[in-house]
Amino acid sequence: MRNKKRILIHDYGGFSFIFQLSHTLASRGYEVIHVYCDSNNKTGFIGRDSLPSTVKLVKLGVTGGLKKDRFFLRWIQENQYANKLISVIKLYKPDIVFSANSPLDVQRRLASSCKKHNAKFVYWLQDLIGIATHKVLTQKLGWLGKLIAAYYIGVEKRSLLFSDAIIAISPNFSIYLRKLGIDKKKVFFIPNWAPLNEVRLIGKANTWSQKHGYLDKFCFVYTGSLGFKHDLGVIVDLAERIAKYSNAKIIIVGGGAGFEWVKNNIVNQHKNIEVHRYQSIEQYAEVLATADVLFGFISSDASQFAVPSKILSYLCAQKPILYLIPPDNYAAKVLVRSRAGLVIPPSRVDLFLNAAERMIKGETLALDLVKSYEFAKRHFEINKVFERFQKMLTSLGEEN
1 MRNKKRILIH DYGGFSFIFQ LSHTLASRGY EVIHVYCDSN NKTGFIGRDS
51 LPSTVKLVKL GVTGGLKKDR FFLRWIQENQ YANKLISVIK LYKPDIVFSA
101 NSPLDVQRRL ASSCKKHNAK FVYWLQDLIG IATHKVLTQK LGWLGKLIAA
151 YYIGVEKRSL LFSDAIIAIS PNFSIYLRKL GIDKKKVFFI PNWAPLNEVR
201 LIGKANTWSQ KHGYLDKFCF VYTGSLGFKH DLGVIVDLAE RIAKYSNAKI
251 IIVGGGAGFE WVKNNIVNQH KNIEVHRYQS IEQYAEVLAT ADVLFGFISS
301 DASQFAVPSK ILSYLCAQKP ILYLIPPDNY AAKVLVRSRA GLVIPPSRVD
351 LFLNAAERMI KGETLALDLV KSYEFAKRHF EINKVFERFQ KMLTSLGEEN
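Numbering of the sequence shown is given in our numbering, commencing with residue 1 and proceeding in unit increments.
Derived BS3-like pairs: lysine-lysine, alpha-carbon spacing no greater than 30 Å straight-line:
| id | residue 1 | residue 2 |
| --- | --- | --- |
| 1 | 93 | 391 |
| 2 | 384 | 5 |
| 3 | 310 | 211 |
| 4 | 310 | 140 |
| 5 | 135 | 186 |
| 6 | 217 | 371 |
| 7 | 185 | 120 |
Cβ-Cβ distance ranges computed for the label pairs, FRET-style:
| id | residue 1 | residue 2 | range |
| --- | --- | --- | --- |
| 8 | 351 | 184 | 36 to 42 Å |
| 9 | 141 | 260 | 20 to 26 Å |
| 10 | 72 | 368 | 47 to 53 Å |
| 11 | 279 | 142 | 36 to 42 Å |
| 12 | 268 | 388 | 45 to 51 Å |
| 13 | 58 | 388 | 23 to 29 Å |
| 14 | 184 | 151 | 25 to 31 Å |
| 15 | 171 | 76 | 34 to 40 Å |
The hints are simulated quantities; they were obtained by calculation from the structure and are not laboratory data.
In this text the structure is predicted, and so the values were computed from the model without any measurement.
Even for Gly, the Cβ is constructed at its ideal location relative to N, Cα and C.
Produce the entire structure from the sequences given, and follow the hints as far as they go.
Okay, here's the thing in structure tokens:
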């Protein structure tokens, strides 16, 4: 009989804020197994070399790298990954499993394994993948895509119904869950956060900025993945609008299919765009500090099933933020409350471009960056964040 509860945190995406939760759970007396897909984590984790003995870090690989744009091969890879993950469940026999950012086939098989091994299953709902699958596959494959998407919508629904608890990162997700008939008592609204220790407040005159020659440039910086959630034409529009300013640059730091498309098709046509693959987590603060404006965008369709968490890291950098996003998205509401940036609907790219040009000219646009940073410190403090998880664990009877 174990003296401590054993929690397995599975994060297919390899995000640092979820790693911070594992570290915090260990500091509160839990045994923690933190499992992630190393093909998705390109930056590393702050604090991975100073983990307490009660945290076991397990990385699972995918042979040949993830092939996200090749659907059948991707399906094979995801099921191979699920086999490895289930082996970890068998080995460590956790009392409770959290799973975030998983492909639906992985989530389905993990939920089944939890039942088989008497572990409680917490579905950490980061995206409504079933809805996203419907939109993407219908566009790409027509009626066949609709059939495949209908299957995955069913898989997602069954996995959610099967779970012992659900973490919803947006109130909009809670509404969707109610429509599925899920008992509201097992749904816990816990918004994402950004680890404050990742984004040190430093000046633009830093090693990364100087290395790449950005010190005397006005930099619009985008960080993170670029994919089907994004209208990449926005980058082209921005490049063309600011082309008359010789010192203005667009800097994209990240990865994904959209990143590769910009790198291969756009950069040569627009000399004011530069791209860099994901930088190490230790350099992330320097990348953000290089920005004069941090920007992002998400399509109206994608906003229905996703919450862009990069906004949270942006808040920690104490920089102006310019975001093309529907105002009813939870991340947009956070941005408005923090007074760190401008929220502009995706249908008004003209306003987005006008605001960008005004920022180059030095207009503050009624932003309050000091208050925005105070907002981040107040809401992202990990002990305060942990209180929400503690309530959920207590409700499941899994507190230490």
